[in-house]
Structure formats: structure tokens, C-alpha cells
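Build the full structure now, drawing on both the sequences and the hints.
Chains A and B supply the protein sequences, listed in that same order.
All residue numbers for the first sequence refer to our numbering, where the first residue is 1 and numbers rise by one.
All residue numbers for the second sequence refer to our numbering, where the first residue is 155 and numbers rise by one.
Since the hints were made in silico from the structure, they are not lab data.
Everything numeric in this text was worked out from a predicted model, so none of it was measured.
There may be inaccurate statements among the hints.
Unchecked claim - Some chain B residues close to chain A (C-beta under 7 Å, calculated; not the full set):
1. 189
2. 194
3. 213
4. 217
Said to hold, decoys possible - With a Cα cut of at most 20 Å, we get these calculated SDA-like pairs of lysine to any residue:
5. A:99 <-> B:173
6. B:231 <-> B:217
7. A:149 <-> B:205
8. A:149 <-> A:92
9. B:206 <-> A:17
10. B:230 <-> B:180
11. B:210 <-> A:120
12. A:99 <-> B:160
13. B:205 <-> A:119
14. B:210 <-> B:161
15. A:99 <-> A:67
16. B:205 <-> B:160
17. B:234 <-> B:163
18. B:210 <-> A:121
19. A:99 <-> B:193
20. A:99 <-> B:206
21. B:205 <-> A:143
22. B:206 <-> A:121
23. A:17 <-> A:122
24. B:205 <-> A:121
25. B:206 <-> A:120
26. B:218 <-> A:124
Said to hold, decoys possible - Chain A residues, not near chain B, derived (Cβ > 12 Å throughout):
27. 46
28. 59
29. 62
30. 66
31. 120
Where a beta carbon is used, it is the ideal one built from N, C-alpha and C, also for glycine.
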Amino acid sequence: MSSETVTTKTLDFEQIKRIIPQRFPFLMLDRVIIAEPGVRVVGIKNLTGNEWFYQGHFPKRAVTPGAMLCEAVAQTGIVFFHLQQPAAQDVTYLLGSIKIRFLHPVWPGDQLRIEVTPIRLMRDAGLLTGTVMVGERVVARGEFGLSAKPNSEL
Amino acid sequence: MVERTIDQEVTQLIAEIIEMDPAEINPDAHLVEDLGMDSMMALEILASIEKKFRIKVSEEDLPKITTVNRAIELAKKYVK
Numbered sequence: 001m002s003s004e005t006v007t008t009k010t011l012d013f014e015q016i017k018r019i020i021p022q023r024f025p026f027l028m029l030d031r032v033i034i035a036e037p038g039v040r041v042v043g044i045k046n047l048t049g050n051e052w053f054y055q056g057h058f059p060k061r062a063v064t065p066g067a068m069l070c071e072a073v074a075q076t077g078i079v080f081f082h083l084q085q086p087a088a089q090d091v092t093y094l095l096g097s098i099k100i101r102f103l104h105p106v107w108p109g110d111q112l113r114i115e116v117t118p119i120r121l122m123r124d125a126g127l128l129t130g131t132v133m134v135g136e137r138v139v140a141r142g143e144f145g146l147s148a149k150p151n152s153e154l
Numbered sequence: 155m156v157e158r159t160i161d162q163e164v165t166q167l168i169a170e171i172i173e174m175d176p177a178e179i180n181p182d183a184h185l186v187e188d189l190g191m192d193s194m195m196a197l198e199i200l201a202s203i204e205k206k207f208r209i210k211v212s213e214e215d216l217p218k219i220t221t222v223n224r225a226i227e228l229a230k231k232y233v234k
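Now the structure itself:
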């Protein structure tokens with residue numbers, strides 16, 4: 001797709017909350033800095049030592065759980081999907097699969113840059129790639145499947 | 155020769171996604187009812203076939219992937 005046909009926009013925290021259903025303590029996306037519908041979404045999550053999961057993971061050394069990185073990728077994927085199918089209403093997004101490799105520990109104070117791009121999109125499901133970076137370093141990358149199920153079918 | 159390769163490749167791709175030994179898959183077994191495939195696995199199979207053979211399968215053809223043999227037929231339909 002040529003750059004002329006791509007609309008790039010950003011989303012702030014309140015706009016993100018109008019798209020994704022997650023709320024405290026499960027919001028893993030602070031801002032979307034690049035949103036190119038059908039092409040890619042890049043989000044930011046600032047991790048502070050105050051995050052709830054550091055209480056238990058781990059009490060003597062705070063390390064970001066891989067599961068929370070998966071969640072950050074999935075939430076960015078929901079934004080991607082929503083921008084792709086903005087008309088989809090009254091649906092629940094379900095993570096169908098995720099194959100991810102964690103390449104480096106993520107610490108309090110790190111800023112996550114989460115990029116999601118499509119592998120294959122359908123009307124109600126998609127296979128996507130997710131890449132999580134801290135600074136110039138890739139800390140996790142993988143592929144995941146997301147589906148949008150009408151609430152009436154759940 | 156080409157067709158045998160497609161048969162083997164598709165069987166292998168499906169086996170990896172549904173996590174079975176390709177030799178244990180009955181090519182006429184129903185992927186959902188007999189082999190436990192779900193809709194996300196179906197999409198993964200479709201994407202992997204597309205990637206392997208550098209083809210683009212229509213979304214309308216996704217429900218046709220009901221057995222390994224049907225998937226092979228579908229791949230052959232698109233591979234020139």
C-alpha cells in the first residue's frame with residue numbers, strides 16, 4: 001500500500017479506552033503513536049514500579065511477566081482490528097493463539113513500544129505479528145490470532 | 155510430481171498446526187469433528203498454505219477446509 005493511501009493517526013488514553021474493553025488493572029496500552037488502518041498499529045506502555053503485578057512477580061526482584069507482554073500485544077491487536085473493522089459493535093475480542101518468544105527481561109521504568117502488523121485478516125478474525133521493543137532492543141516478538149465474536153454467539 | 159509435493163506439504167502444514175504426526179492423520183478425517191481443529195487453527199492453516207505456495211485464497215473458501223484432502227484440493231485449485 002502506498003503512503004498516500006494510508007491515514008496515520010494517534011490515539012490518546014481516553015480514545016484507547018473507547019476501543020478496548022480492558023480497564024484497571026489490566027490496561028497495557030497508554031497511547032497509540034501510529035495507527036495505519038489495515039497496515040500497522042504502534043502503541044506505547046510505560047511501566048512503573050507501581051504496577052500491580054510487580055507485587056508478586058517477584059517480591060525480591062520486579063520483572064515484567066511475559067503474560068503481561070502478551071496482553072499488551074493483544075490489546076494493540078484489538079486496536080488494529082477495531083480500526084480495520086470500525087463497524088463491528090457488540091463483540092468480544094478473544095485471543096485464539098499466541099506464539100511468542102521473549103528475548104530480554106523487561107524491568108520497571110521501561111517503555112514498551114508494541115507494533116502489530118497483519119499476516120492474514122478475515123472479517124471476524126485475524127492472524128497478526130506482534131513486536132515489543134524497549135528502546136532499540138526487541139524484547140519479545142511473535143504471532144497471535146484474534147477473533148471478534150458477536151456477544152450474541154458467546 | 156508437483157501434485158505429490160502439494161499433498162505432502164499441505165499434510166505437513168496441517169499436522170504442525172493441529173499438533174499431530176502427519177502419518178497418523180487420515181486425510182479424509184473431519185478436521186473439526188475428528189481432529190479437534192478450531193476456527194483459529196483453520197485460519198492458521200489457510201495462512202500457512204498461502205505462504206507456502208505464495209497464493210491468496212478467497213475468504214469464502216475457508217469453510218471448505220474440512221479435511222486434509224479438501225485442503226489439498228483447495229491448494230491445487232490455486233497453485234498454477
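Hint check results:
The criterion of a C-beta within 7 Å of any C-beta in chain A is not met by residue 189 of chain B, whose closest approach is roughly 16 Å, and the hint is violated. Restraint check, residue 194 of chain B versus chain A: the minimum CB separation of about 3 Å is within 7 Å; hint holds. Because the smallest distance between the Cβ of residue 213 of chain B and any Cβ of chain A comes to about 5 Å, under 7 Å, the interface hint for this residue holds. Because the smallest distance between the Cβ of residue 217 of chain B and any Cβ of chain A comes to about 11 Å, over 7 Å, the interface hint for this residue is violated.
Under the criterion of a C-alpha separation no larger than 20 Å, the hint pairing residue 99 of chain A with residue 173 of chain B is consistent with the structure, at around 14 Å. A hinted pair counts as satisfied when its Cα atoms are at most 20 Å apart, and residue 231 of chain B with residue 217 of chain B qualifies at roughly 15 Å. Under the criterion of a C-alpha separation no larger than 20 Å, the hint pairing residue 149 of chain A with residue 205 of chain B is inconsistent with the structure, at around 26 Å. Between residue 149 of chain A and residue 92 of chain A the CA atoms are separated by roughly 5 Å; this keeps the pair inside 20 Å, and the hint holds.
Distance check on the hinted pair: residue 206 of chain B and residue 17 of chain A sit about 38 Å apart at the alpha-carbon level, beyond 20 Å; violated. Restraint check for residue 230 of chain B and residue 180 of chain B: satisfied, since their Cα atoms lie roughly 19 Å apart, inside the 20 Å limit. Using a Cα cut-off of 20 Å, the hinted pair residue 210 of chain B and residue 120 of chain A holds, with the two alpha carbons roughly 10 Å apart. Restraint check for residue 99 of chain A and residue 160 of chain B: not satisfied, since their Cα atoms lie roughly 26 Å apart, outside the 20 Å limit.
A threshold of 20 Å between alpha carbons decides the hint, and for residue 205 of chain B with residue 119 of chain A the separation of about 10 Å falls inside it, so the pair holds. For the suggested pair residue 210 of chain B and residue 161 of chain B, the alpha carbons sit about 18 Å apart, so the restraint of at most 20 Å is met. Simply put, residue 99 of chain A and residue 67 of chain A have alpha-carbon atoms about 12 Å apart, close enough for the 20 Å limit, and the pair holds. A hinted pair counts as satisfied when its Cα atoms are at most 20 Å apart, and residue 205 of chain B with residue 160 of chain B qualifies at roughly 13 Å.
Our distance criterion of 20 Å between C-alpha atoms is met by residue 234 of chain B and residue 163 of chain B, whose separation comes to about 16 Å. The straight-line distance between the Cα atoms of residue 210 of chain B and residue 121 of chain A is roughly 12 Å, inside the 20 Å bound, and the hint therefore holds. For the hint linking residue 99 of chain A to residue 193 of chain B, the alpha-carbon distance of about 16 Å falls within 20 Å, and the restraint holds. Pair hint residue 99 of chain A plus residue 206 of chain B holds up; C-alpha atoms about 19 Å apart against a cutoff of 20 Å.
A distance of roughly 14 Å separates the Cα atoms of residue 205 of chain B and residue 143 of chain A; the hinted pair therefore holds under the 20 Å criterion. Proposed proximity of residue 206 of chain B and residue 121 of chain A is supported: the alpha carbons are some 17 Å apart, at most 20 Å. Among the hinted pairs, residue 17 of chain A with residue 122 of chain A is inconsistent with the structure: their alpha-carbon atoms are about 24 Å apart, more than 20 Å. Taking the CA atoms of residue 205 of chain B and residue 121 of chain A, the gap is near 14 Å; set against the 20 Å cutoff, the hint holds.
Our distance criterion of 20 Å between C-alpha atoms is met by residue 206 of chain B and residue 120 of chain A, whose separation comes to about 14 Å. About 17 Å separates the Cα atoms of residue 218 of chain B and residue 124 of chain A, which keeps this hinted pair within 20 Å; it holds. For residue 46 of chain A, the shortest C-beta to C-beta distance to chain B comes to about 31 Å, beyond the 12 Å cut-off, and the non-interface label holds. Distance to chain B confirms residue 59 of chain A as a non-interface residue, since its nearest Cβ pair spans about 36 Å, more than 12 Å.
Against chain B, the non-interface label of residue 62 of chain A holds: every CB pair exceeds 12 Å, the least being about 33 Å. Consistency note on residue 66 of chain A: stated as away from chain B, and its beta-carbon is indeed over 12 Å from all of that chain's, at 20 Å minimum. Annotated as non-interface, residue 120 of chain A brings its C-beta within 12 Å of a C-beta of chain B; the closest such distance is 4 Å.
Of the hints listed earlier, those the structure fails to meet are numbers 1, 4, 7, 9, 12, 23, 31, in rising order.
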